Amino acid sequence: MTKIRIIKSGTFTTVQDKGRWGYEGFGISVAGSMDDFASRVANILVGNPEDSAVLESTFLGPEIIFDCDEIISITGGNMSPRINGEPIPKWTSIKVKEGDILSFSPASSGFRSYISFSRGLDIPEIMASRSTFTRGKLGGYKGRKLENGDEINLGNGELSNTGSYLASSFIPLYGKEKEIRVIMGPQDDYFTKKGIETFLSSKYTISSQADRMGYRLNGPQIEHISGADIISDGIVFGSIQVPGHGFPIIMMADRATTGGYTKIATVITPDLSVLAQMRPGDSINFTAISLKEAHRLYREYENRFKEIKSIVKDNSFEFNEIRKFNLKIDKSNYKVDIIEMRGEIL
Amino acid sequence: MYESTKYIPAGDRAVIVEFGNGISPEINTKVRNMVKSIDNIGMEGIIGILPTYRSVQIIYDPMVLKYSELINAIKEMEEDIANYSSTDIRIIEIPTIYGGKYGPDIEFVAKYNNLSVEDVIKIHSSTDYLVYMLGFTPGFGYLGGMSERIETPRLEVPRVNIAAGSVGIAGKQTGIYPIDSPGGWQLIGWSPLSLYNPTENPPVLLKAGDYVRFVPIGEVEYLRSIKDGEVYDKD
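First to last, the sequence lines map onto chains A and B. When you line the first sequence up against the working numbering, it's residues 1 to 346, in that order. When you line the second sequence up against the working numbering, it's residues 1001 to 1235, in that order.
One should not assume that every hint holds.
Claimed, not checked - Incomplete in silico selection of chain A near chain B, CB under 8 Å: (1) E24; (2) I28; (3) S168; (4) I171; (5) I180; (6) G238.
As the list claims (entries may be wrong) - Listed next, the in silico BS3-like pairs over lysine-lysine satisfying Cα-Cα at most 25 Å (straight line): (7) K97(A) x K306(A); (8) K3(A) x K178(A); (9) K292(A) x K1075(B); (10) K1006(B) x K292(A); (11) K1006(B) x K1036(B); (12) K97(A) x K292(A); (13) K1066(B) x K1006(B); (14) K193(A) x K1006(B); (15) K1207(B) x K137(A); (16) K1172(B) x K292(A); (17) K1066(B) x K306(A); (18) K1111(B) x K1101(B); (19) K1101(B) x K1172(B); (20) K193(A) x K203(A); (21) K3(A) x K137(A); (22) K142(A) x K3(A); (23) K193(A) x K176(A); (24) K1075(B) x K1036(B).
Derived from the structure by calculation, the hints contain no laboratory data. No experiment lies behind these values; they were computed from the predicted model shown. Every residue, glycine too, gets a C-beta built ideally from N, C-alpha and C.
Starting from the given sequences, assemble the full structure and let the hints guide the process.
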């Protein structure tokens, strides 16, 4: 059998891909990976299409036993991944063997981790996506987060004998304070000049109410001209709603399709991956940029994946047996793993 | 209705095409005609279309479709849709069992408005409601046109779980819950009709521009229809 079994589910692990686009008009949330960058790179590293389904974990990843050999890659926040208790590198392809156990510790930096599988997760597509939308009990594995004992079949493809890694210059640095770039609107004209100034000059802290649906922020109240309600209209990934209480809420992957609160600004796409790795207690500053500048950054962001694909190709290596040594130097014991890699290492 | 349409960017991959700042069938007709027009043209780079009361949200891929190209295309479409006539109006009949365990708040709604339960049923089921938009949960239609005579405020304490198919009233609004969800609406009835089925395409029964008509049925009639193997389907 080619399958994996979830021994321990971790905090919150779901199946995600690029999201369920094109059904917003039916009231169906898009869902999809919170961190688009980490999710796509995880797939590139195991040779999958970028939008293949991955496992997304928040804060603490799952414990998984493999019932087959498989090539995986782990990206995103640092949850100290281990195979059979031995630390393994992130942002690289890893060959695991039948019976191996993958485990994690709580995230020491970042907030969400992604696991890609070269055989692919055997999850049915619903409305052209494998993403889990837990509130709608839709998609993914039975429409819910993974639980202890769940089994997911993998595909039957042949495993490649080559892997690759991402050069460190492409690996994002996760931090507790970030600048988040926004495009003002669509309802910034519902706020006073003072309100806009407050929004753009204050530090906002992510509250404990922060999940895949949205992040509620704490900080100075933003002043409306007259009321916070609008006739309900559309919401996108990154819409920043400000209800009557004056505190912003950033709408994330599992957002509702529509809403009736004023939206002061919208986070640009590349910075959504930055937000996805922030956690309650972290703080952000908003900076407004023009649509033109945002589109330049969007193109730069998308083109980065092409560059990453070419770098990853250059960095490819063959999997070989890992040779383990116990070294004793100056009364200290060291465990040394030697992996032989061929090809040019940049 | 605005004198000229507003195009408002909602981030780097969506634009809101806003026709007015009110809830009216005239504005909403423009919204629906715009959606039809975009569907007909099938422009490359458009990923999602969301019609609302007074606007269309278009999600696009900036790598495929430039913002300026998109706006120009919309402007051209606007000239065309001015000449659309409203055709193929669908009226969806919603068989509804009013009151009792199916609509536990109907007596409150009646009392609140100084009416009898029968009056509430009659008033609620004698209007064809326009589906202005879908949102909130999969397949939930925002219906327009409920009589003010049965207007009732929300529950003070929302229910933790409301069964799919429940028909409710909140202020001037009425609607049907497509999936089990929490909610604060006054429940007056329940429909056996399924509004949301993720395995079908499209997965939802209602679409913006449809009209909804609530057709009172009795519990006995409903139970008999199940026994006879009759199924309320989407036709």
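> Is it true that the CA of K1075(B) sits at most 25 Å from the CA of K1036(B)?
Replying inline: Status holds; Cα separation ~14 Å.
> Taking the closest Cβ pair, is I180(A) under 8 Å from chain B?
Replying inline: violated, 12 Å
> Under the criterion that the straight-line Cα-Cα distance not exceed 25 Å, is the pair K3(A), K137(A) satisfied?
Replying inline: holds, 23 Å
>> Please verify whether K1006(B) and K1036(B) have alpha carbons no more than 25 Å apart.
In response: Answer holds: K1006(B) to K1036(B) is near 19 Å, not above 25 Å.
> Are the Cα atoms of K193(A) and K176(A) separated by 25 Å or less?
Replying inline: Answer violated: K193(A) to K176(A) is near 29 Å, above 25 Å.
> With a cut-off of 8 Å, does the beta carbon of I171(A) approach a beta carbon of chain B closely enough for the hint to hold?
Replying inline: violated, 24 Å
> Do the alpha carbons of K1066(B) and K1006(B) lie within 25 Å of each other, as the hint requires?
Replying inline: holds, 18 Å
>> Hinted pair, alpha-carbon criterion (25 Å max): K292(A), K1075(B). Please report holds or violated.
In response: holds, 20 Å
> K193(A) and K1006(B): Cα distance at most 25 Å?
Replying inline: holds, 21 Å
> Has the given pair, K193(A) with K203(A), been kept, meaning a C-alpha gap of at most 25 Å?
Replying inline: holds, 18 Å
> Hey, K1111(B) versus K1101(B), does the alpha-carbon distance stay inside 25 Å?
Replying inline: With Cα atoms ~17 Å apart, K1111(B) and K1101(B) stay inside 25 Å; holds.
> Are K1006(B) and K292(A) close enough, with their CA atoms no more than 25 Å apart?
Replying inline: Holds. K1006(B) to K292(A) sits at ~18 Å (cutoff 25 Å).
Checked against the numbered hints above, the structure breaks hints 3, 4, 5, 7, 8, 12, 16 and 23 and satisfies the rest.
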